[in-house]
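Student: Fit chain to chain and form the complex, with the hints in mind.
Chain by chain, the residues:
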Amino acid sequence: MRLHEVNFFVKLAGAFAVMLTAWLVPGWQYGVAISALMLAFLWAQRVPGLAGYMKGVGLLTVLVMGSWVLNLMVQGMSLLDALPIAAGMAARLVTTTAAFYFVMETSTPGSILAAASAARLPPVATLVLSLTFGIIPMLREDFQRIADAQRARGMEIDDVSLALKLRYALARGVPLLVQAIRMAHAISVSLSIYGFDMRHKRTTWRNVGLFVEPQLYPRKVHS
Amino acid sequence: MPGQPLLVCGATGSGKTTLLQTMAGLIPFLVRPQAFSGSVCLDGQPLSGMTKDAVFSAISVVSQAVEDQLWDLSVEDLIAFPLENRGLAKPKIRERLQELLDELELTGLCGRRVLTLSGGERRMVAIAAALAIAPRLLVLDEPTTGLDPAARQRLVRILRGLGKEVPSLVIAEQDPASVGEIVSEVALLREGRLGGTRPALSLMKEDAPWREAGILPPFLYPNRSPARATGETLLAVDGLKSRLARADGRAVLQGIDLEIRAGEVVGLIGRNGAGKTTLFQSILGLSPTTAGTIAIGGECADGWSSARRARSIALLPQNMRRILFHMTVMEEVTFAITAGKKSSVRQSVEDQAMTVLRKYGLGDDAGTNPFALSSRQQALLGLVCAEAANAAVAILDEPLLARDLEGRRMLQLFLDTALDRGRAAMMISHDLELVEDVTSRVLILDDGEIAFTGETEAAWETPAFGKLGWAPPRPWLKQERRHAAP
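These protein sequence lines are chains A and B, in that order.
Numbering of the first sequence is given in my numbering, commencing with residue 343 and proceeding in unit increments.
Numbering of the second sequence is given in my numbering, commencing with residue 2 and proceeding in unit increments.
One chain only, chain B, in its complex shape (with noise of 0.2 Å):
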């Protein structure tokens, strides 16, 4: 309804970015599904009535697979793309590209090319893209993916000053607080099956409707994973600078100083574009380095192919589809196993990938191509990979599995096996109640440097997180803390 944002909440896989690509008119214009009945209507019209063109000109799509709606253009080529293809003149195009910068604060992006920012800027500049037109009809499939608190506040903002710009808003996610705001209407998607509609208000309070359809509750009290003695050092980075720098000349990393500790898992937290993503790729090798010394269980690793270093360091990325190249998911696993070297022991090793494969669900899916696999599929495989690589370190960028209660229960069996063997991991992410529930420390990167390492109970007091101008975790508790007190 006009006026009346909704929100479509779901675990992984209830089927939300189906039904948002429907309402989207996706499918069945450019997906076209092996079946597909029902109706969908915009303002009383059947979008199967209306012309491909047209439906796109009245409603505007960002996915949460964002990188499967962008090319090789630049920020304002993407921004401006909708206007120049319906033939705006220039004058017109300019001003709305610059009332969009502006408005979105993606002025500092100017120039540069979509495909090489950080996830949550290229999230931004596509929402700015959706916006340009002034669609009827928004649809935002896990808009807050990838993007830090601050540049959620953001976008709340902007979303809640749409107003008669954008009449009707859809938003899906798996993470309800963050946009609780800005919805009117929530409904809950289960096993394909959606709910009826209710007040938001209202639902975001209640806990029992949240777990039944398989969801986090927005106001969940911490469960902190308890923490563990910590062993030798795994990880020891000394002095890092990157040569990748910054538009004014500045390295991206500037003396990075850091160390990983059998036992623990440290969560790295920092704003977008704030060098998390070049961080860890400097430590595997993958972005080259001016100075600074990494060790890795004790050895300089100075000299080693990035390879040697992802033997002991397993990274998971948000996007799992950018590390698997083989045809078959048992083919990933045995080559985590094996680094590609021929195993004489073949059978034990496939038994040995099964294993792994079973305990997270896996097991049906052995012969399957691993790109058929869906987003939370791939990212389970992921688990099972650097779980069967037995690395002593690994590495998670922003896994999207912990939002809802299955996947936070795979990805606390893969923390506490882990751990339970002595090994470590680094978590970085934005969900900050995650880092809060399964990190033992926190580092906080700002400005090339690492700000902050402590416990992570005590950074969000710190002058460092404050910097960042984020609400801490479960603010909400605070206050109820605070009411609660005699």
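In isolation and in its complexed conformation, chain A is listed as follows (with noise of 0.2 Å):
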């Protein structure tokens, strides 16, 4: 778990490198083994909400092969030589999302704001960091918490078909978008009352170099 409290920014340039050498690579096989060998990281660094990362990149592993192979096919290429094509297409925005999955889910904004304060960032950027990266992982729980209250209320939405799981999936669009109003509207209230302010350059409590500190006091331990 350690490697989760690297500095953001280590992070991100570590996942702009992935990127790059995902889509730098000649072959086809190159670029499948480094997406194989970056879930395989996924997987063994334990990084929260996996699943259904993972169920994202079956789906997008089966978009990108089929528009792609039924493009190539189009233009008068044989299935056999599309595959690979396609295969190193999708392989490539794998190991792109998982990169930066990680840094997402293992960068919390408080984590964040303290990386971004200690190398004395101006404001903006500080906030626009910690949102961009920290929001998403909010919307998801809150996604979750939406289909709970749907559960706590009686709608069966996992004992049914894969299409009905999919159109209350898309029902909870509407209550998802009025939280993310309220959400950003409690962010708004945080930072004027706590005094965020654009002209300041911000500090932070937290010791900051190639980790940041994940706590001030270790957690406690009951016999």
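Heads up, some of the hints might be wrong.
Listed below are the simulated DMTMM-like cross-link pairs for lysine to aspartate or glutamate, each with C-alpha atoms no more than 25 Å apart in a straight line [unchecked claim]:
| hint | chain 1 | residue 1 | chain 2 | residue 2 |
| --- | --- | --- | --- | --- |
| 1 | B | K343 | A | D500 |
| 2 | B | K342 | B | D303 |
| 3 | B | K93 | A | D539 |
Derived, one-sided and incomplete: chain B residues facing chain A with beta-carbon distance under 10 Å [what the hints assert, rightly or not]:
| hint | residue |
| --- | --- |
| 4 | R97 |
| 5 | A130 |
| 6 | R310 |
Simulated from the structure, these hints should not be mistaken for laboratory data.
This structure is a prediction, so every number in the text was calculated from the model and none was measured.
Positions of the beta carbon are idealized from the N, C-alpha and C atoms, including for glycine.
Tutor: The structure is reproduced here in structure tokens:
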């Protein structure tokens, strides 16, 4: 879990490096190998929400490969020739999403704020980075909470067909939008009342270097 | 006035929150009303003449809906946030952070994300953040909401000790007794009009002024609901163990056994973070379990989906916004009746929904968006949905309605209706007077186990209750009886 505490900017640089490698390697075999390694890395690091991410990756792979194969075959390429090209493209996208998924899931808004403040970035950059990378996991949790609310109100969204599951998931869009607006309001209120000012550079309570200090006191373990 | 903490009391919907938001500068700096007149002065200086930064450097506020000012930061991040934003040096921030964490006994929460804390824990962290900059005026809207009695005592001790650090304090509270000893003056708010201030000591002993303002008086004699004969077991939990674990690896729930029978209102009490929320989430199947069985209406419900369980167990969370997802109040209620299934008798369902809405005074709001309702109306909507769903057991998590006269009447109406129909209710609350008045049996959750189950009257004398370190409900009554005894 120590890798989760690596400075956000180091993680971000690492993700860019992985992405560049994935897009620059020549053969599809290398691309697939890198994407497989990246997925294994996510699994080994026990990145939160991996099961959901893997479903998304599966869907992405099917869609990318399907569309590329179809496109190339329409242009006269044989299936055997089209498949490796499509696989290479899908692998690049999987690697790219996996690299940034790791950064997003293992960087809390607080740790990003700390890294950006320690780097003496302008407050606007600090805020944009924290919200960009921090808000997606928050929205995902809200999406899950709305699903739980539907369950808690007796709406059967589990023991139903896939088509119905998708329909119910889409129906969560409206409450999610309401929740997103509320969240934006809460963040805006929080920034104002706690004195966030675009004109003043922030400091941080955390010790920041290659790693970002996760908490002030070590976690208490009861005997 | 500096050195004279003021308590503002009023029934839900009387305008307390609007008044406090105006005093704190949230209105009009952050929330711009359609019409606004008059002025608010701090130390003789009108807020309208100050910059936003100057206002929020001088005034700290903790809202009643504390979630509305929190986002996904860690405990330390949130407390240090106002100091970091003002560019304080790291050693100073860390020193202040340590001070506040120790003073408010929050060190055990270090490293936790604020949004994963229990309601009471969140509020204490928000109060620590409000204290961080040592404001000239501290505005607290319903600060004891969700706090267990020990946390309330801790809060009172901290507020009493603020002294010169925070010279002015304004609190809005529906439970005046809980903060009575730290305020010197009280103003009662009624339908948007604030009465003159009165010394807290004398007003606390009176009855009529509070009732006229629609609030339960601080020294309210017990008004216990008559016990009813209990019937069949509606909910049985046996050996329930949660997958959710604490930092030390121990399961939050470790072998919970409980039964709820028809005709009873059961109170569930326990410290903040004791696992009360995890318990009802586990019963509903929303939080995974590693052991134990759940039976609903005599049938084993282990294989049931959450939705199927929820059709027998209605949940009313403290914050109703968490479980509302329709576009109109009518849709919420018809959904509660049909559980989302298409009904061939739509008109009849809507008539049924309207009957219950009218019963709880929401008949005119059938077409309103649920998110546009006030917190009080949303809580009433929760009662309407639970009653319309006709669930066997209703779980009420800290019903905030209960501190004013009308809200208490509505809650009692809901409970009476449920019991008349042979249903049952479980009430999770830190308001021990409410628990004493409306429940027939109490469960004490401590250290992941049910440490006591038995009649409410007997609960306050048990070792399990003693271990919580809380004062029993209405301690003044005991003294009164002792003095009255020959």
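Student: Determine for every hint whether it applies to the structure shown.
Tutor: Each hint, compared with the structure:
no.: 1; hint: K343/B / D500/A; verdict: 18 Å, holds
no.: 2; hint: K342/B / D303/B; verdict: 23 Å, holds
no.: 3; hint: K93/B / D539/A; verdict: 20 Å, holds
no.: 4; hint: R97; verdict: 9 Å, holds
no.: 5; hint: A130; verdict: 7 Å, holds
no.: 6; hint: R310; verdict: 9 Å, holds
Violated hints: none; the structure is consistent with every hint.
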